[in-house]
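Protein chains: 2
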Amino acid sequence: MKDIPTFAEVIEASERIRPFANRTPVFKSKWYDQQIGAELFFKCENFQKVGAFKFRGACNAVLTLSEKEGNRGIVTHSSGNHAQAVALAARTKGYQATIIMPKNAPSVKVRAVKEYGAKILFCEPTIDARKEMTYQFIDDTNAHFIHPYNHPMVIAGQGTVAKEFLEEIPDLDIIIAPVGGGGLISGTCISAKKIKPSIQVIGSEPELADDAYRSLKEGTIQPVLRTDTIADGLRTSLGDVTFKIMKENLDDLVTVSEKSIIREMRSVWERMKIIIESSSAVPVAACMDEKFEVKGKKIGIILTGGNVDLDKLPWM
Amino acid sequence: MKDIPTFAEVIEASERIRPFANRTPVFKSKWYDQQIGAELFFKCENFQKVGAFKFRGACNAVLTLSEKEGNRGIVTHSSGNHAQAVALAARTKGYQATIIMPKNAPSVKVRAVKEYGAKILFCEPTIDARKEMTYQFIDDTNAHFIHPYNHPMVIAGQGTVAKEFLEEIPDLDIIIAPVGGGGLISGTCISAKKIKPSIQVIGSEPELADDAYRSLKEGTIQPVLRTDTIADGLRTSLGDVTFKIMKENLDDLVTVSEKSIIREMRSVWERMKIIIESSSAVPVAACMDEKFEVKGKKIGIILTGGNVDLDKLPWM
Numbered sequence: 000m001k002d003i004p005t006f007a008e009v010i011e012a013s014e015r016i017r018p019f020a021n022r023t024p025v026f027k028s029k030w031y032d033q034q035i036g037a038e039l040f041f042k043c044e045n046f047q048k049v050g051a052f053k054f055r056g057a058c059n060a061v062l063t064l065s066e067k068e069g070n071r072g073i074v075t076h077s078s079g080n081h082a083q084a085v086a087l088a089a090r091t092k093g094y095q096a097t098i099i100m101p102k103n104a105p106s107v108k109v110r111a112v113k114e115y116g117a118k119i120l121f122c123e124p125t126i127d128a129r130k131e132m133t134y135q136f137i138d139d140t141n142a143h144f145i146h147p148y149n150h151p152m153v154i155a156g157q158g159t160v161a162k163e164f165l166e167e168i169p170d171l172d173i174i175i176a177p178v179g180g181g182g183l184i185s186g187t188c189i190s191a192k193k194i195k196p197s198i199q200v201i202g203s204e205p206e207l208a209d210d211a212y213r214s215l216k217e218g219t220i221q222p223v224l225r226t227d228t229i230a231d232g233l234r235t236s237l238g239d240v241t242f243k244i245m246k247e248n249l250d251d252l253v254t255v256s257e258k259s260i261i262r263e264m265r266s267v268w269e270r271m272k273i274i275i276e277s278s279s280a281v282p283v284a285a286c287m288d289e290k291f292e293v294k295g296k297k298i299g300i301i302l303t304g305g306n307v308d309l310d311k312l313p314w315m
Numbered sequence: 000m001k002d003i004p005t006f007a008e009v010i011e012a013s014e015r016i017r018p019f020a021n022r023t024p025v026f027k028s029k030w031y032d033q034q035i036g037a038e039l040f041f042k043c044e045n046f047q048k049v050g051a052f053k054f055r056g057a058c059n060a061v062l063t064l065s066e067k068e069g070n071r072g073i074v075t076h077s078s079g080n081h082a083q084a085v086a087l088a089a090r091t092k093g094y095q096a097t098i099i100m101p102k103n104a105p106s107v108k109v110r111a112v113k114e115y116g117a118k119i120l121f122c123e124p125t126i127d128a129r130k131e132m133t134y135q136f137i138d139d140t141n142a143h144f145i146h147p148y149n150h151p152m153v154i155a156g157q158g159t160v161a162k163e164f165l166e167e168i169p170d171l172d173i174i175i176a177p178v179g180g181g182g183l184i185s186g187t188c189i190s191a192k193k194i195k196p197s198i199q200v201i202g203s204e205p206e207l208a209d210d211a212y213r214s215l216k217e218g219t220i221q222p223v224l225r226t227d228t229i230a231d232g233l234r235t236s237l238g239d240v241t242f243k244i245m246k247e248n249l250d251d252l253v254t255v256s257e258k259s260i261i262r263e264m265r266s267v268w269e270r271m272k273i274i275i276e277s278s279s280a281v282p283v284a285a286c287m288d289e290k291f292e293v294k295g296k297k298i299g300i301i302l303t304g305g306n307v308d309l310d311k312l313p314w315m
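Heads up: the sequence lines are chains A and Y, in that order.
Residue 116 in numbering that gives the first Met the number 0 sits at position 117 of the first sequence; the count goes up by one each step and never skips.
Residue 168 in numbering that gives the first Met the number 0 sits at position 169 of the second sequence; the count goes up by one each step and never skips.
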């Protein structure tokens, strides 16, 4: 297993990515506060570069490479936000990024990755085909692989979200974030528990992709059983690094229904006038459905991203 | 004709509404800057109370009433953002607001006004019917009428947008805003020209509702000839106060096509991850279509609001 990043590495990440990443704003919503009887704070990673927190981890991982390593090229497999994040992060240093994407990836995502100057290799649309092509590519080129979450420097980068959040709102009682592969929630645990040991860190995932919930219950990493949740960023299983961090630090992990995810995605759009993707609505739904004790608490919600296909909205 | 508000009255308005209105953020977009070869600053009034700048003017108008006047009640006719703005502004002082709305007004707007505690009277869906019912109501109750734009205290309130904008970005070369009845652009002229006399203030409107363009050309107020522009906030003719201010101060007034409005509305959603209504896209379209000299300039765009029916998006 790879190393577990330390809070010192989060601080280093924070300095390292500062010239490239946005320090995203924290929004409030009087309407939400009144509905829920708590005080909600929304960390808007939808305003991050490439429209998602993923840029932090990818950028940190790229910047920790030596020039020699970077010049051998960078590779990852992803059809989502991590693909764009790696592409843009590599470009900031002039390194060549190669993204392995399933050949049925939406053309809008393919175009976005190309816009950032990355090369794309298309594979069959299965996880095995992706991995196989990635490993083959690494064998052939000696490129550096940036895993989307099970990578210490990626986790350290994602930890900068909670660091900024608590710098701005030091008296949060709870931080809640969505859980896919666990990179964000792991980084959040490392930062938040160090900055404020009494804070509660809560993970949230769709009922239809409750692998993290089952993994924590069973004590071993469980696979995602279905891939049909609307929260397409959260259809991933945990890695051994992220699982270990979560097991040791997470206070709670709650699941929410598809209906609640869609309702809160729309509600954030309507009430807060910001575009969030479905995965970001998961922790909002967890609060509104009171999946944990919310009354009177100061709750920090990480809105993870805002990349949405505007031709296909889930309520239509 | 009513008085033309002074910049001193804008400053007073600013103090008066401070406890109730949001000081909205200014956003940037690297993508837009690169596309256009200028530096754009977006004043996000979509994040204003009730989701639109209209709250500033309504709130200022309500707060300038004596308690005796306020207790006689407040009335306006509107089916748009001004209705919600007056309803909420009246509630901040505990005054009773009555909104005259056409009986075919969308139920979502009716509900929003009711949520803010206003009474609604429904009239036939014509401008004449609205006005007649309003005047009748004033005769019957002696309520105070808050015109949506041709009202000095409303204009002074809208002038606080440009005041905040120039406090934050003092070296803007140009401020551009949409023109409906002219309340916002008039307030912008009063503030901006006083704070920075060399600044250019530019109005923008849909080609399909180019009444302000024709009015300035003819020298007399011209009616709106069609009401089918997608920018439903801009289907209004000028008032004598707003027309006079515009005639004396406005540097340019440009018009844009429906296609460009829809394109930029979608583009702001996709690139900036914020929800703006179609009227807000009008000045963005004017910049992108280079309806005036943009290259190398620092341009302040007022994004007027974010109230959108998410079931009916114009690109669908």
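Read the hints as simulated data drawn from the structure, not as lab findings.
It is possible that part of the hints are untrue.
Pairs count within a copy or across copies, as identical chains cannot be separated in the list.
[Stated by the list, open to error] Taking lysine-lysine and the DSSO-like style, the derived pairs with C-alpha atoms no more than 27 Å apart in a straight line are:
| id | residue 1 | residue 2 |
| --- | --- | --- |
| 1 | 29 | 296 |
| 2 | 311 | 108 |
| 3 | 290 | 113 |
| 4 | 27 | 113 |
| 5 | 311 | 258 |
| 6 | 67 | 102 |
| 7 | 311 | 92 |
| 8 | 67 | 216 |
| 9 | 108 | 246 |
| 10 | 118 | 108 |
| 11 | 29 | 102 |
| 12 | 311 | 243 |
Just so we're clear, the structure is a prediction, and the values are computed from it rather than from any experiment.
**Report entry** Alpha-carbon proximity between residue 290 and residue 113, which holds within one copy, between copies, both or neither at 27 Å
**Finding:** So residue 290 and residue 113 fail the 27 Å test inside a copy (40 Å) and across (31 Å) alike.
Query raised in the report: With identical chains treated as interchangeable, where does the CA-CA distance between residue 67 and residue 102 reach 27 Å or less: within a copy, between copies, both, or neither?
Result: neither (31 Å within a copy, 70 Å between copies)
Query - Intra- versus inter-subunit Cα pairing at 27 Å for residue 118 with residue 108 - result: within (13 Å within a copy, 48 Å between copies)
Requested in this report: Tell me, please, which holds for residue 67 and residue 216 at an alpha-carbon limit of 27 Å: within, between, both or neither?
Outcome: neither (43 Å within a copy, 65 Å between copies)
Requested in this report: Up to 27 Å between alpha-carbons, please classify residue 29 paired with residue 102: within, between, both or neither.
Outcome: neither (44 Å within a copy, 30 Å between copies)
Query raised in the report: Between residue 27 and residue 113, at a C-alpha cutoff of 27 Å, which is it: within one copy, between copies, both, or neither?
Result: Answer is between; shortest inter-copy Cα gap is 23 Å, intra-copy 35 Å.
Report task. Check residue 29 against residue 296 for me: Cα-Cα at most 27 Å, and say if that holds within a copy, between copies, both or neither. Result -> Result: close within a single copy only, 14 Å intra versus 37 Å inter.
Report task. State whether the alpha carbon distance between residue 311 and residue 243 is at most 27 Å within one copy, between copies, both, or neither. Result -> neither (37 Å within a copy, 46 Å between copies)
Query raised in the report: Between the shortest in-copy and the shortest cross-copy C-alpha distance, which are at most 27 Å for residue 108 and residue 246: within, between, both, or neither?
Result: Neither, since 33 Å and 48 Å both go past 27 Å.
Query raised in the report: Can you tell me if residue 311 and residue 92 fall within 27 Å by alpha carbon in one copy, between copies, both or neither?
Result: Intra 35 Å, inter 43 Å, cutoff 27 Å: neither.
Query raised in the report: For residue 311 vs residue 258, is the C-alpha pair at or below 27 Å within one copy, between two copies, both, or neither?
Result: The answer is both: 16 Å in one copy and 20 Å across copies each meet 27 Å.
Report task. Please work out whether the CA atoms of residue 311 and residue 108 approach to 27 Å or closer within one copy, between two copies, in both situations, or in neither? Result -> Both ways: residue 311 and residue 108 sit 14 Å apart in one copy and 25 Å across, limit 27 Å.
The structure does not agree with the numbered hints 3, 6, 7, 8, 9, 11 and 12 stated previously, though it agrees with the rest.
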